[in-house]
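In case you want the letters, here they are:
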Amino acid sequence: MVDRLELRYGDVVAVSQLSFAVEPGRVVGLLGPNGCGKTSTLRAVVGLLRPVGGRVVVNGVPQGSIAARAQVAYVPDEPTGLDELCAEELLALVRTLYRSPAGYDVRAEALVHAFDIAARSRVFLGALSHGQRRIVSMIAAFALARPLVVVDEATAALDPEAVAVLREVLRALARGGGGVLLATQELAFAERVCDDVVLLSAGRVVASGTVAEVAGEGTLEQAFLDAVGAGSRLAEVRRDLGAL
Amino acid sequence: MSAAFVASPLLVGAGVLGVAMLPAVALWFGTRLGPTLREAAAEDAALARSLALSACLAAALAGVALALIAPGVRALGAQLAAAPVSRLSTLLGLTLVPFVFALTFLALPVLLFLVPVTHSATPAACASLGASVGLGAAVAEATLALARRAARGLGVAGATAALAALDPARGLAEAFQGDGAVSRPALLAFASLVLWFGAAATRPAEPAVRGSARFVARGPFAVAIARYGRARQLRRQAVASVALAGGGAVLLRGLGSTHEVASVFAAATGLFGAALVPLAAPGLDRLAGWVWRSAPRSQLALALCHAAAALTAAAAVGGAATLAALAAAPIAPGDLAPLAAFGAVLFGAALVAGAAVPWHAERATEQLASYAAFAAVALLLSGGLARLAPLVGARSGAAAATLAAVTAFGCVLASAAISGRRA
Numbered sequence: 031m032v033d034r035l036e037l038r039y040g041d042v043v044a045v046s047q048l049s050f051a052v053e054p055g056r057v058v059g060l061l062g063p064n065g066c067g068k069t070s071t072l073r074a075v076v077g078l079l080r081p082v083g084g085r086v087v088v089n090g091v092p093q094g095s096i097a098a099r100a101q102v103a104y105v106p107d108e109p110t111g112l113d114e115l116c117a118e119e120l121l122a123l124v125r126t127l128y129r130s131p132a133g134y135d136v137r138a139e140a141l142v143h144a145f146d147i148a149a150r151s152r153v154f155l156g157a158l159s160h161g162q163r164r165i166v167s168m169i170a171a172f173a174l175a176r177p178l179v180v181v182d183e184a185t186a187a188l189d190p191e192a193v194a195v196l197r198e199v200l201r202a203l204a205r206g207g208g209g210v211l212l213a214t215q216e217l218a219f220a221e222r223v224c225d226d227v228v229l230l231s232a233g234r235v236v237a238s239g240t241v242a243e244v245a246g247e248g249t250l251e252q253a254f255l256d257a258v259g260a261g262s263r264l265a266e267v268r269r270d271l272g273a274l
Numbered sequence: 260m261s262a263a264f265v266a267s268p269l270l271v272g273a274g275v276l277g278v279a280m281l282p283a284v285a286l287w288f289g290t291r292l293g294p295t296l297r298e299a300a301a302e303d304a305a306l307a308r309s310l311a312l313s314a315c316l317a318a319a320l321a322g323v324a325l326a327l328i329a330p331g332v333r334a335l336g337a338q339l340a341a342a343p344v345s346r347l348s349t350l351l352g353l354t355l356v357p358f359v360f361a362l363t364f365l366a367l368p369v370l371l372f373l374v375p376v377t378h379s380a381t382p383a384a385c386a387s388l389g390a391s392v393g394l395g396a397a398v399a400e401a402t403l404a405l406a407r408r409a410a411r412g413l414g415v416a417g418a419t420a421a422l423a424a425l426d427p428a429r430g431l432a433e434a435f436q437g438d439g440a441v442s443r444p445a446l447l448a449f450a451s452l453v454l455w456f457g458a459a460a461t462r463p464a465e466p467a468v469r470g471s472a473r474f475v476a477r478g479p480f481a482v483a484i485a486r487y488g489r490a491r492q493l494r495r496q497a498v499a500s501v502a503l504a505g506g507g508a509v510l511l512r513g514l515g516s517t518h519e520v521a522s523v524f525a526a527a528t529g530l531f532g533a534a535l536v537p538l539a540a541p542g543l544d545r546l547a548g549w550v551w552r553s554a555p556r557s558q559l560a561l562a563l564c565h566a567a568a569a570l571t572a573a574a575a576v577g578g579a580a581t582l583a584a585l586a587a588a589p590i591a592p593g594d595l596a597p598l599a600a601f602g603a604v605l606f607g608a609a610l611v612a613g614a615a616v617p618w619h620a621e622r623a624t625e626q627l628a629s630y631a632a633f634a635a636v637a638l639l640l641s642g643g644l645a646r647l648a649p650l651v652g653a654r655s656g657a658a659a660a661t662l663a664a665v666t667a668f669g670c671v672l673a674s675a676a677i678s679g680r681r682a
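Residue numbers (my numbering), protein chains in the order written: chain A, 31 to 274; chain B, 260 to 682.
In short, the hints are calculated from the structure, not lab data.
For clarity, every value in this text was computed on a predicted model and none was experimentally measured.
Misleading hints may appear alongside valid ones.
DEER-style ranges, computed between Cβ atoms [what the hints assert, rightly or not]: (1) Ala157/A to Gly513/B: 38 to 44 Å; (2) Asp146/A to Leu367/B: 58 to 64 Å; (3) Ala341/B to Arg269/A: 26 to 32 Å.
Just so you know, even glycine gets a beta-carbon here, dropped at the ideal spot from N, CA and C.
Working from the sequences, and respecting the hints, build out all of it.
Given below as structure tokens:
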């Protein structure tokens, strides 16, 4: 649960008075334009960013403690700094860091098969494509089977087949009783995989609810553009592009 | 730098103050030691020679570091690399200018130290050191080219060896004895810097990361060792340290030094090179901070584990360098025992400096700041230990070894505390 969260970078307010909850068995999508505070919010939920106001509670435990971190599995936008490891080593490292959860290896193997990267398991992450690196970090996180899975830029750099597999995996995690919180720019993906969405603009919630509630009569894209005030700007953009 | 200052204001502040005071300290030391050094060097040619050799080796090491951290064309990044900018402009702006700038920055305290020591022979002394810097930089370029399987590396290595055989340390030794003949060392400096620039201009492109793991590391400690061991810059530095130690010992022997002097100087140079591992390790760990900081583990325990891994890797490189020096100039291994204590303190200082001012493979400024912090911490530690050792009766033997081990352990704790706090 995120309650009146406030995040700052120096004097810059990244997120203000942000509240929402991820219930078990639900997939919640954080949507919004670039720089609206999605990644900052996810980092606060994971415990990588300390809020200046409000609170984040994970499975009843306030974030900032080891117990809270034990409830969350995290997939960053880019799994940096581990280029010298192969997939097998990253999976083994994450398993050790999370104290070898039961069934981890079985789940990891199933996910490796699902994402079809078994043949690349000994290749250094630095030698894999961006999308493949992200898949490896997803497998490491998903195999942990934590009560909450946090995925930043869910579909970034993934090919269509991997996106389809990811959709299935996220729904399976939710069916298993876990909560999923993801950030994405792919509204069609969000529409298909999310139960609830939170629309952010300039660090504030501008709309939230189930996908159907937020989309209303139209599409999620239309609701997004209207909510962030981008609909009217598109006409201006089309006019200005005449200069190209 | 600002992030480092926020994390460890005292240490970074002390480091910056130390760097700012370096010219004044150098002048003070030069004025104080000048008459004694000049007198001793005039009386004892062998001493002048040893002093000159060690100074030139240090200058060569600085040349290696400067050549490796000059940003070069990679600083443009993927997008700007495609921009219509001539190769010459890129080379001048991103290789030559940063190199000369950093060299000037380093030269100021050296010059202020030398003037009271060498008086009118200072230009010759500076030219000698400049030649050593150029040769060190050329060694780095030759190593890079050979590591990238480019045959031109052999040519650069051959030309470097030919210039080294002309003995750049001779000019400095003569300057210590009051001989100011500048033409020979100046020519040598010019030739070595031209050789380096030519080699830098034709540096082969870095190959894309490829390959797969031959063994699978498991657990944070083994994974940390694997990451440090596989990191390109650290691997390159490890090879250079071992080569410099072995080659340095051969060179020193060839130039007439005793086995003891050759072995000790060369092994100490190798240990300095190996110190890059603990200096760089906290910065490498920080890049993967998301995985450590989101894991349900004590950040202090993880930082301690990484520090232990960095020290282990550095000890392996330092040990290999010492063995190379011993192979080239054999002496009783026991005679090198004090170097183990020296290495422990050096690696500890590197760990603390790297935790306070993280090293970054792609950012030259951060690397320079990290090296400056290392120099400041190492100077502080050595100064402190020099005063403490007589007070606690640990000037030599087991007591000195214990003091060094305790200092290194303290450094490990300090670096883990800094890294853990930052997390």
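Cross-check of the supplied hints:
{"no.": "1", "hint": "Ala157/A to Gly513/B: 38 to 44 Å", "result": "holds (42 Å)"}
{"no.": "2", "hint": "Asp146/A to Leu367/B: 58 to 64 Å", "result": "holds (59 Å)"}
{"no.": "3", "hint": "Ala341/B to Arg269/A: 26 to 32 Å", "result": "holds (31 Å)"}
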